[in-house]
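> Protein sequences, first through last, are from chains A and B. So the first sequence is residues 3 to 188, counted in the working numbering. So the second sequence is residues 1080 to 1179, counted in the working numbering.
Hints in this document: simulated from the structure, not taken from any laboratory. Hints are not guaranteed to be accurate.
To spell it out: a stretch of chain B is covered by chain A in this simulated footprint if at least three of its residues, at any positions, have a beta carbon under 8 Å from a beta carbon of chain A; those stretches are [as the list claims (entries may be wrong)]: (1) 1138-1147; (2) 1156-1163.
Covered stretches of chain A, as calculated for chain B (at least 3 residues, CB under 8 Å) [what the hints assert, rightly or not]: (3) 13-22; (4) 116-129.
Every value quoted in this text rests on a predicted model; they were computed, and no experiment measured them. For glycine and all other residues, C-beta sits at the position ideal for the given N, C-alpha and C.
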Amino acid sequence: MMETSISDLLVFSFFAGLTLLSSVGVVLVKDVWHSALLLGVALLSIAIHYVLLSAEFIAAMQVLVYVGGVLILISFAIMLIRRKLDPTAMTSPELNLGSHLFRGVGAIIFFILFSTILLGVSFTSPIGFQDGVLITKSIGYAMFDLPGASVPSEGFLAAFEIIDIALVAALVAAIMLARRDTAGEN
Amino acid sequence: MVPISYYVLLSAAIFSIGLFGVLTRRNALMFLISIELMLNAANLNFVAFSTLHGNLTGQVFSLFVLALAAAEVAVGIGIILVLHRNFSSIDVTKAVTLRW
């Protein structure tokens, strides 16, 4: 059982605001490169939320995989694609178009529906993790379905192996897609 | 820590923003970026409920989502590069044929 202090609330609301503002920026900014950079801000502030939720390992992985990997990949793609295109070909949000506006309003209606349902649900107060338990170590035990974890969890050995296969398949698929056909016209 | 409903609300907002991006933008790269936002919203929920229950299942799940997101981006960028090579544009409304 953990109670909410005013400093917790302040830190949460600051970083929630940062996350929301940068996410809104991601989808509204005209230039793709700018929205990729704003995505970096959003991902880093989500990593801070993970730390606040005492998931330090996930936060470290978030920074490593998303900010260090995914964002670099996206910037490479932007640089590869951008060279030949004129700036007008990069699509703008086009919020004034009727059909786009309708679809955007659909997303907002989705959020309103979701939050009204959510506000009707009462959650128990968070249990949290006790002081001194080794969360990262327990994640390792849970991932390989080994005994000895200090925090309860399910075993994930089968899922781990399936993810392994999925990653190899994705790697091969990415190479196949990126490879230029040597015999072809390209 | 703050009540868990705040986190769920935040993640719903991030998800809706990502949905907004997918629905309103035509640039294929913006699709990918918006999907990253939506995946992150799901991850935030996983971690928040992991803390709510004092159980690590959610955190391990979010690690798996992280790994799959990385794979998804690698394949997605491969597809976008092929799209750009074949249509000279990454506008998703232009690529309407299977052949070119």
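> Which of the numbered hints are not met once you compare them with the structure shown?
Failing hints: none at all.
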